[in-house]
Amino acid sequence: MLVPGFWLGGWAWDEVAAPLRAAGHDVHQISPDLSPGTGVADHVGRLVGLLERLDGVVLVGHSYGGLVVTAAADRVPQRISRLVYVDSGPLPDGMSQADFDGARPSAPGGMIPVPDRAPPGATGFDWAVVRERGRPQPAATATDPVRHGGAWKAVPRTAILCSFPETRLREMAAQVPAFGLMTEGEWVYREIRTGHWPMFSEPGALAGALLH
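Heads up: the sequence shown at position 6 corresponds to 6 in UniProt numbering, and the numbers run straight through without jumps.
Calculated from the structure, these hints are not laboratory results. Fair warning: this is a prediction, and the values are worked out from it, not measured in the lab. It is possible that part of the hints are untrue.
Keeping only pairs whose Cα atoms sit at most 16 Å apart, straight-line, the calculated EDC-like set for lysine to aspartate or glutamate is [said to hold, decoys possible]: (1) K153 - E184; (2) K153 - E186; (3) K153 - D93.
Label pairs and their calculated CB-CB ranges [said to hold, decoys possible]: (4) G150 - G56: 36 to 42 Å; (5) E191 - P156: 15 to 21 Å; (6) P36 - R168: 22 to 28 Å.
By construction, the Cβ of each residue, glycine as well, lies at the ideal position given by its N, Cα and C atoms.
All chains should be built: construct the whole structure from the sequences, respecting the hints.
Shown next, in the form of C-alpha cells:
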C-alpha cells in the first residue's frame, strides 16, 4: 500500500507499482482526499478503514505520507507486516509537518499550492509532472499534530534514505529530537542516492528496494 506526500495522488507511484505487480504483488496506490478542510485525522482514518479489510500489508509512506502511515499503523498494527518510510520517518507524537519543517506554509484560502518551481530535493526528473498533475494540499494536513502511542513500534520497519545516508541520519538523530524515532529500536536502512522524490527520479531502484 503506497501513500504519497504533499500534492500527489496514487498516480505518483505508477512507475514503482508496475514492477511490484509484475513480481506478483497486489498494489494499492492511495490517493488522499485533498478537499479543502481535510486534516491529518481524515487521512489517517481513511487509511485505517482500508487496512482493516486487509492483512499482511507492507505500508509505504513518502514524505508527509510517513506521518500518516505511522498514525494508521498505531491503530491497526496487526494488519501490517512492515512499515516502509521513503525519505521520511515517524514524527514524535504531537508534532506536525509544519513543526518539522520549521515554518507554517503559505496557504491562501486554506490550501498550499503546488510550487511553480522545483523545491529543494526535486532532482533527477522534470518538476513539470508534479506542477501539471499535482493538486493543492489542504493546510490542515501541514499544521495538525500527528497522534500515536507505542503500538506502531511493534511493526518491523524500513527507512529508504534518499536525501542523505544512514551516517548523516544518525548524526542528526543525536542532535534533533524530530529524527530520534528513526534510530530508536530495530530498523532496516536502504539507500538510494537521489533526491526527495525517488518515485520520479529512480522508480526502478525504489521498486527494487521495496522488493528486497
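Checked hints:
Between K153 and E184 the CA atoms are separated by roughly 9 Å; this keeps the pair inside 16 Å, and the hint holds. The straight-line distance between the Cα atoms of K153 and E186 is roughly 9 Å, inside the 16 Å bound, and the hint therefore holds. Taking the CA atoms of K153 and D93, the gap is about 13 Å. The hint holds against a cut of 16 Å. Taking 36 to 42 Å as the suggested C-beta distance range, the pair G150 and G56 does not conform, at roughly 22 Å.
Hint check: E191 to P156, Cβ distance near 18 Å, so the stated range 15 to 21 Å holds. A hinted range of 22 to 28 Å for the beta carbons of P36 and R168 is inconsistent with their spacing of about 37 Å.
Consistency with the previously given hints fails for numbers 4 and 6, ordered from lowest to highest.
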